[in-house]
Amino acid sequence: MSGSEPAHRQLGMTDDEYDSVVEILGREPRPAELAMYSVMWSEHCSYKSSRAWLGRFPTEAPWVVVGPGENAGVVDLGDGWLAALRIESHNHPSFVEPYQGAATGVGGILRDVFTMGARPVAVWDPLRFGPLSVARNRYLLSGVVSGIAGYGNAVGVPTLGGELEFADCYSANPLVNVMALGLLKREQLVLRAASGDGNVAVLLGSSTGRDGIGGASILASASFDEESGAKRPSVQVGDPFEEKKLIEACLELYQRGLVVGIQDLGAAGISCATSESAAGGGMGMDVDLDAVHLRELDMTPGEILMSESQERMLAIVKPGDLDDVLALAEKWEIAASAIGHVNPSKQLRVFHHGELVAEVPAASLSDDAPLYRRPAARPSYLDRVWQVDEPLPAGVDMGDTLLHLLADPALGDPSWIYEQYDHQLFLNTVVGPGNDGSLMRIKGTRKGLAVSTDGNALLCYLDPRRGSARLVYEAALNVAVTGARPYAVVDNLNFGNPEKPDVMWQFLETVEGMAEACEVLGVPVIGGNVSFYNETDGEDIYPSPVVGMLGFCDPMPESPPRLDRAEAGMEVWLIGPEDHDDFAASAYTRVILGHRRGRPLAPDPAMAVAVIDAAATLASTVPVLHDVSSGGVAVALAEICIESDVGVELANGDWRCLLSESPHRFLAVVPPGGLPDLGDVPARRIGTMGGDFIDFDRHGDVTVARAATAWRNALRGQFG
Amino acid sequence: MRVAVVMFPGTNCEHDVAYALAELGAEPELVWHRETDLDGFDGVVLPGGFAHGDYLRTGAIARFSPVMGAVERHAAAGTPVLGICNGFQILCEAGLLPGAMVANRDLRFICRPVHLRVESTDSMLTRAARVGQVLRLPLNSYEGNYIAPAADLVRLESQGRVMLRYCDAAGVADEATNPNGSTNSIAGIANEQGNVAALMPHPERAAEEVLGSVDGRVILESFVASMVREPAPA
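Going line by line, the protein sequences match chains C and S. Here the first sequence stands for residues 73 to 792, numbered as in my numbering. Here the second sequence stands for residues 1290 to 1523, numbered as in my numbering.
Watch out, some of these pointers could steer you wrong.
Have a look at the derived ranges for each label pair, beta carbon to beta carbon [to be verified]:
| id | chain 1 | residue 1 | chain 2 | residue 2 | range |
| --- | --- | --- | --- | --- | --- |
| 1 | S | T1472 | C | G792 | 20 to 28 angstroms |
| 2 | C | A399 | S | D1395 | 42 to 50 angstroms |
| 3 | C | G792 | S | V1503 | 31 to 39 angstroms |
| 4 | C | A399 | S | G1329 | 39 to 47 angstroms |
| 5 | C | D469 | S | L1313 | 54 to 62 angstroms |
Quick look at which bits of chain C chain S covers, simulated, 3 or more residues with Cβ under 8 angstroms [as the list claims (entries may be wrong)]:
| id | segment |
| --- | --- |
| 6 | 187-197 |
| 7 | 496-509 |
It should be emphasised that the hints constitute simulated quantities derived from the structure, not laboratory data. All values reported here derive from a predicted model rather than from experimental measurement. Glycine included, every Cβ here is placed at the ideal spot set by N, Cα and C.
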C-alpha cells in the first residue's frame, strides 16, 4: 500500500465503487463513511461477484424455517425442535497466523449460530493444506488444529469432525472452513431486525480495539503476494472464555424474552451490525461511539466502526428492559454498553465526541453494494487434463498398493487431529469423528442428526460440474450410512480470483452441478459462503467447494452402523452400480501413478437417489456400512478391517474394481444371510470377514496389523 | 439427595454432569460461583471445563471464587466433594487435594477413551467398584499430567489414596500405557478422609450405552451412594 494512493484504493475500493458512494450520498464521503462502505462493499461482505448466481440453488422445502440471508439457516425437526446450520471460511487469516486465524473462525461461526437463538452444539472443520513434505505446511496444519482445539475446547462446543485434503495449490493458500450446528426450540428463534422506534442497541461482550481492522476488505477480499506477512495486524485475536460467557448470557436473554433482535459483530464490526440491524427492520439508528467500551483510548471513529474485535454482539432491546439486560450482563461478567437508539429515519447516523461523523442510508451499505456479472470462459487446461496417455497396468500387487495408499496423509487415520478436539461434550455424540458422518442424538427425543462435510477439489478441478454434483451425492450417502436422510445443505465455495474468466467459469459450473444434485435429492440449500481470491502470486487454488450435509432421522437407529462392528464370518457386500473403471482424481492415480488427470464419470442421479435410500434403510439393521470414496473398495474395506481388528477374504475379481472410484457405492458387512432384498439397487457379495489378512486372492495380501500401522502413522508420523 | 454442581465462568460440563446424576436418581442443581452458601446440599461436584478461561494457570483463579469458601466448609464437614477434570485441577489449587496438574507430556490436548485400574475402593469415588477392576472412560484435557512433591506422593501411595491409575485394557499400568505423563500413572486421588476425591477422565461421558460405555456409572454411583442427609458444615 502506498501513501500516495487515494484513500478509497488503500481501503480496497475501485474508482467506480467510490463514484457510486458519492452518488448515493450526493457528496464526497467523510473518512468514517468511506471506511464503512469499503468494508461493507468488500467481496467478503457483499458477495458482489457471486450473488447474481446464488439464486440458482434450491432453497425451499416445507421444513425450512429460515433460508439463506440470515446469520444461519434453520430447519424444523418436529415437536418444536429446530436446527441452525452455518458454514464459513477463515482461509486468509489462517495463512497469515494459523492459530488465531483458525480460532477466530470457530468463534465467528458460533456467534452466527447463537445469534439465531440456538445453543451451538457441534463444530466441523474441513481443511486443505499443501503437501506435508514442506515444513511450513506442517507448521500451518499443526497451528490450525491447535487453534481450533484451543478455542473450541475452551468455549465448550465439541468438534465432531471435518475432513482433510492436500495439494500443491494450497501451500500458499490453505483453506480453513468451519461449520457449526445449533439446536433450539421454536420459541427461542431470534432474527436480527431492529424494529421499534426508541429501542436501544446494546453492545455486549469484549471491548473494541484495533485488532482485525480491515480483516474483511484487506485480508479476505484480496489476493496474496510475498508481502502478506505485513497483513498480520489485520488478523483478529480470539478469547474463548469471553465467548463462552457471551453464549450463556445471550441464551438467557432469549429465554427471558429480553431481546427484540440481535446481530453478531463479525466482518466490518459495528458498521455492519448497526446498519444490517436497522435496515433489516426498515428503520434507522443513531449510534454514539463515545458509549462503546474501548480497549484503546485514542481510536478514530473509522477504527471503532471497522474494528473486528471478537466476541461482541449487538442486541436490540426495549427501553423498559434495558436495566434487566445490563444486570444480566453483570451476572455473566460481560461488559455491556447502550450505544444507539432505533428510529424511523432509515438513516444510520454515527456520532463521535458529539460530532456527526457519518450519516448514510442504512440499507445502502448492503442493498446498494456493487453487483458484478464477471466474464466466464471455459479454461484451456481441461483438454489437457482430460487426456490420459498412460494405460493402467495389467496387474498390481494389491497388498503393497494398499499399504502405500493407507500411508498417504489424506487417506490415513485422522485421529491425530480429532483427538485434540473435545468431540463428546453435551453427551450427544453417538457416532463421532473417524466415520463417514457424525451422528448426534437429541436428548429427550428419538431424533438423530447426522452431519458430513465433504470436498473433492481435484475432481472439481477436472470437471467442476460433475465433480460438484458428485460431491453433493457423496455427502448425502455419508449421512445415509448412519441412518439419516439428507435434509439440508450449506456450502462453502472456495475459489480463486473471480476477475479471471477461468475461475468464474469454474464457479458457475460448480453452482450448476451442486444445484442440480440438490434438486434431484430434494434437499434445500439453507446457507452458504463464497470465498474468492484464494490466489497467491497469480496461482489459483483448485475450485474447492465444500458441502455440509445435514441428515435427519426419527427414530434414530438403536445401534447405528460403525466401522468397528465387523466380526469374523460376516459377509461383505458391495452395493451400488457396476464399477465403471473411474480413475480420474482417484487416490490410485494420484498416490501410486503420480498424476492428476482424467475426466470424472458423470453422476447417475436416479441411481444416487436409490443407493442413498437403500443405505438409510439398511442402517437400522446392519452393523457396518461404509461409503466407498477415496481409495475405492480397497481402502474402505481396509478401514473396516483395521477398526474392527479382523481380516477379510475377497472373492476373485478384477483388481481395478478394488481401486476405482466410481460414484454411488457403499459396503455393507452383515451376518450370514443378513442382507435384505434391495429391489432395483445392485448388490454383489465380494468377500467374507475373518482371519488376520486382508486377502485379495490372486492380487496379493497384507496383514491387518501392517495395514493398521501404515494407516495410523500416515498423519501422526508427520508430527512425531 | 441434592447435589450442587458448581459453575464457574468458563465451566462447560455442568449440564452433562447434572444430566448423568439425575439419571442415577440424584437431584443436581447448578450453582453459580458467586454463591457463598451451599447449606442443604448433600454433595458437591466441581465439573470439567475451563474455569475463568484457565487463564494464569488452570484452577488458579477459580480457587478464589466466592463459592470456594462454602466448598471448603463442606469438605471439612465430611460432605462428598467430587472434582472431575477441571474440578480436579481446582481442588488441587485450593489445597483440598495435594499436588498440581501440568501440561500433557506431548503438549497436545487429548480427547480419547483411556483405561483406568481401580486401586482402592476406600473413597466416595470408588466405593461401588472392585479393586483391580478396569474401567474405560473418556479423557479430555490438556493439563492432566499430575505432579506432586515426593513427600506427598509417598503419603498418597502409602495411605492408599491413589484411587485410579491409567492402564491398558489388561490392567497394566506403565509408561507405555500412560497417556499424558502423569506421575505414577495417577488418574484419581482422594483426601485422607476419603470424602474429597477427583479424577481427570469424565465418568459422565460413559454413563449410557448409546454413548459407547457405561463404565462411568460406577464412579457416579459411588458418589451418590456416599451422600448422607444432614451434612452440617461449620
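Does the structure break any of the earlier hints, and which numbers would those be?
4 and 6
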